[in-house]
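Asks: Listed below, chain by chain, are the residues.
There are 2 protein chains.
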Amino acid sequence: MATKSFVDVDADSHFPLQNLPYGVFRIPNCAAEPRPGVAIGGLVLDLSVVASHGLFDGPILSNSDCFQQTSLNKFVGMGRPAWKEARATIQKLLSCDEPTLRDNSSLREKALLPMDSVEMVLPIVIGDYTDFYSSFYHAKNCGLMFRPDNPIPPNWFQLPIAYHGRASSVVISGSDIIRPKGQSHPVGKSPPHFGPTQKLDFELEMAAVVGPGNEPGKPMDVNEAENHIFGLVLMNDWSARDIQFWECMPLGPFLGKNFGTTISPWIVTLEALEEFACDAPNQDPRPLPYLTEKKSKNYDISLEVAIKPAGEEQSSVVTRSNLKHLYWTFSQQLAHHTINGCNLRPGDLLGTGTISGPVPESLGCLLELTLNGQKPISLNNNSTRKFLEDGDEVVFTGFGKGNGYKIGFGTCSGKVVPALP
Amino acid sequence: MATKSFVDVDADSHFPLQNLPYGVFRIPNCAAEPRPGVAIGGLVLDLSVVASHGLFDGPILSNSDCFQQTSLNKFVGMGRPAWKEARATIQKLLSCDEPTLRDNSSLREKALLPMDSVEMVLPIVIGDYTDFYSSFYHAKNCGLMFRPDNPIPPNWFQLPIAYHGRASSVVISGSDIIRPKGQSHPVGKSPPHFGPTQKLDFELEMAAVVGPGNEPGKPMDVNEAENHIFGLVLMNDWSARDIQFWECMPLGPFLGKNFGTTISPWIVTLEALEEFACDAPNQDPRPLPYLTEKKSKNYDISLEVAIKPAGEEQSSVVTRSNLKHLYWTFSQQLAHHTINGCNLRPGDLLGTGTISGPVPESLGCLLELTLNGQKPISLNNNSTRKFLEDGDEVVFTGFGKGNGYKIGFGTCSGKVVPALP
Ligand SMILES: [Ca+2]
Ligand SMILES: [Ca+2]
Ligand SMILES: [Mg+2]
Ligand SMILES: [Mg+2]
Ligand code: NI
Numbered sequence: 061m062a063t064k065s066f067v068d069v070d071a072d073s074h075f076p077l078q079n080l081p082y083g084v085f086r087i088p089n090c091a092a093e094p095r096p097g098v099a100i101g102g103l104v105l106d107l108s109v110v111a112s113h114g115l116f117d118g119p120i121l122s123n124s125d126c127f128q129q130t131s132l133n134k135f136v137g138m139g140r141p142a143w144k145e146a147r148a149t150i151q152k153l154l155s156c157d158e159p160t161l162r163d164n165s166s167l168r169e170k171a172l173l174p175m176d177s178v179e180m181v182l183p184i185v186i187g188d189y190t191d192f193y194s195s196f197y198h199a200k201n202c203g204l205m206f207r208p209d210n211p212i213p214p215n216w217f218q219l220p221i222a223y224h225g226r227a228s229s230v231v232i233s234g235s236d237i238i239r240p241k242g243q244s245h246p247v248g249k250s251p252p253h254f255g256p257t258q259k260l261d262f263e264l265e266m267a268a269v270v271g272p273g274n275e276p277g278k279p280m281d282v283n284e285a286e287n288h289i290f291g292l293v294l295m296n297d298w299s300a301r302d303i304q305f306w307e308c309m310p311l312g313p314f315l316g317k318n319f320g321t322t323i324s325p326w327i328v329t330l331e332a333l334e335e336f337a338c339d340a341p342n343q344d345p346r347p348l349p350y351l352t353e354k355k356s357k358n359y360d361i362s363l364e365v366a367i368k369p370a371g372e373e374q375s376s377v378v379t380r381s382n383l384k385h386l387y388w389t390f391s392q393q394l395a396h397h398t399i400n401g402c403n404l405r406p407g408d409l410l411g412t413g414t415i416s417g418p419v420p421e422s423l424g425c426l427l428e429l430t431l432n433g434q435k436p437i438s439l440n441n442n443s444t445r446k447f448l449e450d451g452d453e454v455v456f457t458g459f460g461k462g463n464g465y466k467i468g469f470g471t472c473s474g475k476v477v478p479a480l481p
Numbered sequence: 061m062a063t064k065s066f067v068d069v070d071a072d073s074h075f076p077l078q079n080l081p082y083g084v085f086r087i088p089n090c091a092a093e094p095r096p097g098v099a100i101g102g103l104v105l106d107l108s109v110v111a112s113h114g115l116f117d118g119p120i121l122s123n124s125d126c127f128q129q130t131s132l133n134k135f136v137g138m139g140r141p142a143w144k145e146a147r148a149t150i151q152k153l154l155s156c157d158e159p160t161l162r163d164n165s166s167l168r169e170k171a172l173l174p175m176d177s178v179e180m181v182l183p184i185v186i187g188d189y190t191d192f193y194s195s196f197y198h199a200k201n202c203g204l205m206f207r208p209d210n211p212i213p214p215n216w217f218q219l220p221i222a223y224h225g226r227a228s229s230v231v232i233s234g235s236d237i238i239r240p241k242g243q244s245h246p247v248g249k250s251p252p253h254f255g256p257t258q259k260l261d262f263e264l265e266m267a268a269v270v271g272p273g274n275e276p277g278k279p280m281d282v283n284e285a286e287n288h289i290f291g292l293v294l295m296n297d298w299s300a301r302d303i304q305f306w307e308c309m310p311l312g313p314f315l316g317k318n319f320g321t322t323i324s325p326w327i328v329t330l331e332a333l334e335e336f337a338c339d340a341p342n343q344d345p346r347p348l349p350y351l352t353e354k355k356s357k358n359y360d361i362s363l364e365v366a367i368k369p370a371g372e373e374q375s376s377v378v379t380r381s382n383l384k385h386l387y388w389t390f391s392q393q394l395a396h397h398t399i400n401g402c403n404l405r406p407g408d409l410l411g412t413g414t415i416s417g418p419v420p421e422s423l424g425c426l427l428e429l430t431l432n433g434q435k436p437i438s439l440n441n442n443s444t445r446k447f448l449e450d451g452d453e454v455v456f457t458g459f460g461k462g463n464g465y466k467i468g469f470g471t472c473s474g475k476v477v478p479a480l481p
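One line per chain: the protein sequences are A and B, in this order.
Quick note: the first sequence uses this note's numbering, first residue 61, plus one each step.
Quick note: the second sequence uses this note's numbering, first residue 61, plus one each step.
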């Protein structure tokens, strides 16, 4: 296989020929429906054009309308054989040795669009969104703050704890996040405090996009669960800590989370990430058989969070973490989610939970970085932050480092705007 | 308005001319798509036929395709003016004075189908499903069992506590429920117990079907929230107590709930229920302004749960409760759910939480009725139950009692089948 595209790709680009992540885009001010695309360097390959020109000529895709849809749900539901066929076709079409697109300027102009001329939309229709809690360091740090006697409850080591989030509030990178209002803990005998949250936070997460689902009542085998994952995105699970801590007893977080969750536009496939596979941490106690994997796999993906205050040119990196720190693997998350017969569907979104690492510079949210606002952090412009301020833009980036190239996720960003009056 | 239909309606029927609940049905073994219908006595009025014959002749519906859909989402999203127009048209068409259908036997045969010849399907595509916890008696009884020192946490009286449920697992009445497997609390130092749940329970609930939604960031006004509720259904939030109690710290219930939630097929509109409106309980402490209603309204709806063991002809009523016992109203639930800017969408499902009443015979789940299995209840066939057994069919019924008629919800039922091997 060729390793170079006829499209120019910077050494620093997240989107070389080895990546080929999927998204859905539209043309601003154009009536045409959104459609699937693949990123290559600074361009987007319009898969609806590729399909309508009969260039998906493999046995599975040649007669499919999966790229004539406004979301990727149909394609991701088709499973790994379809994904492999699509990847082979697209990689060939874009390679430097292949004349079909390279030497046909009119087709090339229709099929390859400058990334800055398109608007990315949510790549999937999300039927259900689940958020896990799978980083040991995050669980420990949060536990120490709020339950010092019992920082990590014993169930945490036996199962990947999770809760259901709100599908309607998942938004695409670039969407503003309106500061939520709500109740927070009363002082003494007075009524609860009410107003815009004073503890707005980000949570550095990644999320898996589910491919083929499972029938109600039929769990996924942990050793086969990988075939039910299409790919990964970056995810910011914005959180209002004061609202969350007052409401969460006894049924968990609700309004502290469901005002907005941002995902990156490009879904990077597990195929593209395979070269970054690494061993997951050792699990002690040993999990029950339904969670025991023949091979426990994480991915070495560098993650970074920067804050860009209103009016500033420069952003400040506030944390650097890595997906490989997760204690529970994606396969274990899927096996656990379905062990009771719960049915997953194509396009479901499974967040990892905040990905904190072992050192202070690798914590995945301000709650941890500032010890719940007790220890502000400094930004490049000499301002400090306990929690997010109006106008702050929070930018996540993530990539795996290959030999001479990066396989990246682009960015997952959002700006905090003031609460409505 | 006429109060009688030309269709024969038993005095005991749940579906007189005063009700007119909406559902979606299909014809078994028929290729045609599911379509909306309205129940009248023992018949179903096919709204796609009514529409295609131009009989929705009001200004809003005459040019709409809302009844040529496979779900009611489009119609419920159109709001109260459309609902009023539809109700007026249907009530007129079905009334004893109106010849259009009554005297046209070929049209009548196409438009009115015996209820036992159709199969009901989920009436809505549920984008998000939220479950509240709004019965004071349920919260108190559960709290006394597990947190005797602090049975009802102080936040309970300040806000309608809720958590997100799983939309994919909501099923229509009549669907079997496969006993879920999972982990439960370990004894001493041993690993967690694993196997089919030993504490399978029902939860007697009702649920609101959301009509028009709200824009992200823009809360619903509590005094206007009623316009965002299309109607109500019965709901059984099946629960596996052993799974739930082991997993729920600190993020709330997950696999203990998301293996199946059953709703009744007919959505009874708030218009039809208006005659059962009654005052909600007095709230002390007084809620914050965003939750303070000019008029706090509940509905007097009698609710009943029966268990029919495998092979038995007779079922045993195990509890009788009433929707009027809810502490937090539907309007308060919607105002709270959106106060942080969370966006609801047409067709979202909002469960009330288990509806327990003040007396022992009115408790809404076996957890309460049997004190977590310590005090079994007796059924008519002289068997006892701590929790549900395989083969048990659980049947909910509910209705409001009018003057000479019932406005009912039909039944919400499901049978427990053994866990898969
Ligand atoms: Ca999270
Ligand atoms: Ca419930
Ligand atoms: Mg969120
Ligand atoms: Mg349930
Ligand atoms: Ni409104």
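A hint or two may mislead.
Repeated chains share a single entry, so a pair holds when one copy, or any two copies, can fit it.
[Unchecked claim] With a cut-off of at most 25 Å between alpha-carbon atoms, the simulated PhoX-like pairs for lysine-lysine come out as follows:
hint, residue 1, residue 2
1, K461, K357
2, K384, K152
3, K249, K384
4, K384, K435
5, K357, K249
6, K278, K461
7, K200, K249
8, K475, K435
9, K446, K357
10, K278, K475
11, K170, K475
12, K278, K355
13, K152, K355
14, K475, K134
15, K446, K355
16, K446, K200
17, K144, K249
No wet-lab data here; the hints were simulated from the structure.
Please read these numbers as outputs of a predicted model, since none were measured by experiment.
Asks: Evaluate each hint against the coordinates.
Replies: For each hint, the structure was consulted:
1. K461 - K357: Classified as within: same-chain Cα gap 17 Å, cross-chain 60 Å, threshold 25 Å.
2. K384 - K152: neither (31 Å within a copy, 65 Å between copies)
3. K249 - K384: neither (46 Å within a copy, 30 Å between copies)
4. K384 - K435: Neither: 27 Å inside a chain and 49 Å across chains, both beyond 25 Å.
5. K357 - K249: Neither: 50 Å inside a chain and 28 Å across chains, both beyond 25 Å.
6. K278 - K461: Neither: 37 Å inside a chain and 42 Å across chains, both beyond 25 Å.
7. K200 - K249: Classified as between; 21 Å across copies, 31 Å inside a copy.
8. K475 - K435: Intra 23 Å, inter 55 Å, cutoff 25 Å: intra-copy only.
9. K446 - K357: neither (35 Å within a copy, 42 Å between copies)
10. K278 - K475: Between copies only: 18 Å across chains, 41 Å inside a chain, cut-off 25 Å.
11. K170 - K475: neither (33 Å within a copy, 56 Å between copies)
12. K278 - K355: within (22 Å within a copy, 47 Å between copies)
13. K152 - K355: neither (31 Å within a copy, 67 Å between copies)
14. K475 - K134: Neither, since 31 Å and 33 Å both go past 25 Å.
15. K446 - K355: neither (40 Å within a copy, 41 Å between copies)
16. K446 - K200: within (20 Å within a copy, 37 Å between copies)
17. K144 - K249: For K144 and K249, the Cα distance exceeds 25 Å both inside one copy (62 Å) and across copies (46 Å).
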